[in-house]
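Trainee: Taking the hints into account, I'd like the entire structure generated from these sequences.
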Amino acid sequence: MPELMQFLFSGVTVGAVYALVALGFTIIYNASDVVNFAQGEFVMLGGMITVFAHAAGLPLPLAAVVAIIVTAGIGVALNKLAIEPARGAPVVSLIIITIGASIFIKGVTQLVFDKQLHRFPAFSGDVPIRIMGATILPQSLWVIAGAILVFIALWLFFTRTLTGRAVLATSNNRLAAQLVGINTGWVMTLSFGLSAAIGALAGVLVTPITLTSYDVGIALALKGFAAAMLGGMGNPKGALVGGILLGLMEALTAGYISSQYKDAAAFVVILAVLFAMPQGLFGKKSTDRV
Amino acid sequence: MRISPKLATLSVLAVLIVLAPAFFPSSFYYRIGALVFVNGLAVVGIVILTGYAGQISLGHAGFAGIGAYACALAPVHLGIHVGLAAVLGAVVSAILAYLVGRPILRLKGYYLAVASLGFGILVAMVLSNETQLTGGPDGIQVEDLGLRGLLGDLGLDLSNAEFWYAFSGLCLLIGAWLALNLHNSPTGRAWRALHGSDVAARTVGVDVARLKLQAFVISAVYASASGSLLALQNRFITPEVAGYMHSIEMVTMAVLGGAGSVLGAIFGATILTVLPQVLTVFAEYEMLMLGLVMMLVMIFLREGLLPSLLRLFRGRGE
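Line by line, the protein sequences give chains G and B. Going by my numbering, 155 is the number at position 155 of the first sequence; the sequence numbering is gapless. Going by my numbering, 1128 is the number at position 128 of the second sequence; the sequence numbering is gapless.
Hints in this document: simulated from the structure, not taken from any laboratory. Each hint should be verified, as a subset may be incorrect.
[Stated by the list, open to error] Distance ranges between label pairs, derived from CB positions:
1) Asn1181(B) / Ala272(G): 52 to 62 Å
2) Pro1186(B) / Pro85(G): 33 to 43 Å
3) Tyr1285(B) / Leu162(G): 44 to 54 Å
4) Arg1311(B) / Phe157(G): 41 to 51 Å
5) Val1091(B) / Ala272(G): 41 to 51 Å
6) Met277(G) / Gly1136(B): 49 to 59 Å
[Claimed, not checked] A few chain G residues facing chain B, derived, Cβ under 10 Å:
7) Ile103
8) Met233
9) Ala276
Note that the Cβ used here is the ideal one computed from N, Cα and C, for glycine as well.
Mentor: Structure follows, in structure tokens:
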């Protein structure tokens, strides 16, 4: 029993990170139909910039805020410089652009910073908390709380604010949104900024546990993507549930089957979801207008 | 006399392959040449999938891995000749591509990209984790093909680098010839139709899902053959051949040169294979440059370098 609890704790912690990455995917996908393969780099940037800002003498909370703001700026720049000029390009081109962006960001990061593994101190110390015979790090609670708070904030944003509804309207029908006076260009900018900021926050929260380096992004992007697919692409609730489920599956695979193949869980999930229920757990059936 | 575009492409390719060695300062360049042809072969497969049928795969290196490791493992465990092992690898790749592609190619958009990505990473993971079978991340030896010795007995003495240059070049020519034939076949026309518009193709009676699957399986065989060729000429292979970066490189080469044209894609493969060798001083900047090139080409030259250049020249001639 303690063993299972331990696996569940670590699963939920990792799952919360995947959920945050998946939420980032979801926001951009909803606003622009772009699957942003550079999403994982936002997480990496959040961690790396915090590390170096902290090392440069900023207190940790300030360093984290700087990292999130800078990353949000990079997200906006990605939209302005690479996605907007390619508006109307086929899916293949957009995928290649975001993969190019992800490789580019990685290349710049290893030049500007370095190729080492880094971490910074956990927010509330490293003394594990004992619950039912298993232990959980205080930082894990930060990660889980972060994911839940972001989810609630997003939900409020999308349902209670005019701007949030403008984003939803744009995702529903771009042209119709434009016709009722929504500045869809601004919605895109906002979505990329928001999504990058959420990714960076995930990076800040998880770095004390998993460490960070210039190349952690791609794996996170793939897992977050798998989570978003599992929950149903474009659905925030699906992103949250998909993330947690994927984290749990990974932890249980590592615990009971093979730790070498824990990463395989995500990809088996992707393939299984695509085979059996391409709309995901919470996705709607979509029909295309010709 | 008008020559067909197919003949023109093949002759340009053949002339370049034959004449290039005249400008090689050392035998090292034969090796780079052979590498260009190996990558070119994989990229011709991407032309069929992406350029003709408009689908994108981010896991083709997985098939290259299967082709490569078939050459390493089948001779040892099944006792067959390495040449036959390469064929076996291609068959296994085709079957896997069929199994993975069949349910997924009914769906539109980015699904194939994601599924193939997952597939490629699974292959790479198995290759580096099953250490007892595959030698793990350190790689594994591959038997000699034996063809060079055979040619030597017949009185045609080639150095190792020269032989692989010629043999890979020949394979690339055959691969390009097949792809060009497909381009002009009813299947090729149907591919281009569904690339233009899925729905329009369906309304004129094209079986869209089946044709996408065909393109995926054929391009998987190309990737597998390219992996086998790499394993055979290096006599050694590591799981990196199946890695995510290799998949991305394949797509980038095709798209950079021009995914719609065989010659363009091979041009792209040449640039991205030769540049890192020449610019070793800039190794630090390799990733940055690769990413930047991918973005710029996709934004400004959507058809790729070669088609865009050709258009420029034609425009001037008129």
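Trainee: A separate judgement is required for each hint: does it hold in the structure or not?
Mentor: Outcome of the hint check:
Between Asn1181(B) and Ala272(G) the CB atoms are about 37 Å apart, so this pair departs from the stated range of 52 to 62 Å. Between Pro1186(B) and Pro85(G) the beta carbon distance is about 37 Å. The supplied range of 33 to 43 Å therefore holds. Evaluation of the 44 to 54 Å hint for Tyr1285(B) and Leu162(G) yields a pass: the beta carbon distance comes to about 45 Å. Between Arg1311(B) and Phe157(G) the beta carbons are some 46 Å apart, a value that agrees with the proposed interval 41 to 51 Å.
Checked against the hint of 41 to 51 Å, the C-beta distance between Val1091(B) and Ala272(G) comes to roughly 25 Å, which is inconsistent with it. Between Met277(G) and Gly1136(B) the beta carbon distance is about 35 Å. The supplied range of 49 to 59 Å is therefore violated. Hint on Ile103(G) holds. Least Cβ distance to chain B is approximately 4 Å, under the 10 Å limit. Given the 10 Å rule on beta carbons, the hint for Met233(G) holds: about 9 Å separates it from the nearest Cβ of chain B.
Of the supplied interface hints, the one on Ala276(G) holds, with its beta-carbon coming within about 8 Å of a beta-carbon of chain B, less than 10 Å.
Figure legend: structure checked against the earlier numbered hints; hints not met, in rising order: 1, 5, 6.
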